[in-house]
Amino acid sequence: MSIFRSSKNQRDLIISALLDGELSPAEGEHVQAAAQRDEAVRESIERLTRVRAALHQAVPGEDSRIAEAAERVRTHVERTIRVRPMHSPWWRTTIPLPVPLLSAAALLVIVLTGALTVMMIRPESPGPAEAPGLAAITAQDRRINVQVNVDAEHTDRLLQWLNEQGHTQQITVQLPEQAQFQLRGDPVLVRREPMHSEEFQIVPLEDEEE
Amino acid sequence: MNISRDEQSFFNQVYTAVFPLLFRVVLRIVGDQETAEEICHDTFIRFYQHSRTLPDADQARYWVLRVGKNLAFNLTKRRGRERNAFEKAFHEPRRPSRPADSDTLEAETLSLVRSAVDKLPTTLRDVIVLKEYGDLSYGEIAQVLGITVGNVKVRVHRARERLALLLEEKNVHIPQ
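Going down the list, the sequences are from chains A and B. Residue numbers for the first sequence follow my numbering, so the first one is 1 and each next one is one higher. Residue numbers for the second sequence follow my numbering, so the first one is 211 and each next one is one higher.
The hints are simulated quantities; they were obtained by calculation from the structure and are not laboratory data. Keep in mind it's a predicted model, so treat the numbers as computed, not measured. Incorrect hints may appear among the rest.
[What the hints assert, rightly or not] Covered stretches of chain B, as calculated for chain A (at least 3 residues, CB under 8 angstroms):
{"id": "1", "segment": "237-249"}
{"id": "2", "segment": "271-278"}
{"id": "3", "segment": "339-345"}
{"id": "4", "segment": "366-377"}
Note that beta-carbon positions come from the ideal geometry of N, C-alpha and C, so glycine has one too.
So here's chain A without its partners, still in its complex pose (with noise of 0.2 angstroms):
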């Protein structure tokens, strides 16, 4: 037969079997052919009979202790189910549910409450009508393009606010088709310097060429 042929740890599985009866009785009488023939055979079955027989080893006294544990456990468990109830109460028992139902309603549960989690953080949004004037604008809101509609009376104060916020990067000015200007004083070239200072100089131009 060929299930010697395999590696020694395939033949030692079999011994195992062997030992423990769990192989039929031709693979047993096959096995202890082989062990007559072969003594590596006859040395995995001794060595294996060992580890069994200390396992196996008795503890003495072991039949009689049983039976009196046996009598002492009950008198024990009778005693304990007296003062106990029999089986658990119907809130504490156990109700077996499929697991595709179980994966549902959990699945829903967390649903439920991320929904209900968002609408009570979320903060409300305000209407039209109840819109804040420039006071709500923040500089978080920086990326957002507003249009705002100013009279010429407050356009100083709207400029100077948001040069104060820092944060504006471009302002479009829509002037009046019917805008008129008039100009102050002599008119003069200038120029940003430097062009990435923090701070914004006006140098006329006469001053650099000078």
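Mind docking chain B on chain A? Use the hints.
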């Protein structure tokens, strides 16, 4: 007992059939009779509370063995942790774990074998305990542990190989 006649009969049937096996397995794991009895007591109380969920005596037998074995190993693990904590706290050297009632070679061998079994990984330890101490078949062990018979066969063999090495290292005396 405040239970119906059928339940009483079922409990008695399982108790009578399983107790000797359970006690032997637990006694080998924990090493002393008093603790073994306590664990058997707790196991049967749990069985008593779960008996309605177990369809027949075979399933009940597997259930009781599984629970008892787990309780016994949990206890030994907890004792080990407590012993280590004590040694760490008081810097006491580890004492050899030898039964107080006997200094014989056999008792020492039993203790060494138990120590070797404790060193096995859980997957190997469980099968070898049920096989050698419980004398269960591969099919029964598969039922108790919820694994295949092929797995049981391989694990039993691996456990024996490991134990052989551990026992040879310690030069354990094995009476003939």
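Going down the list of hints, with the structure as the test:
no., hint, verdict
1, 237-249, "holds (count 5)"
2, 271-278, "violated (count 0)"
3, 339-345, "holds (count 3)"
4, 366-377, "holds (count 7)"
This entry does not satisfy hint 2, going by the numbered hints stated previously; all others are met.
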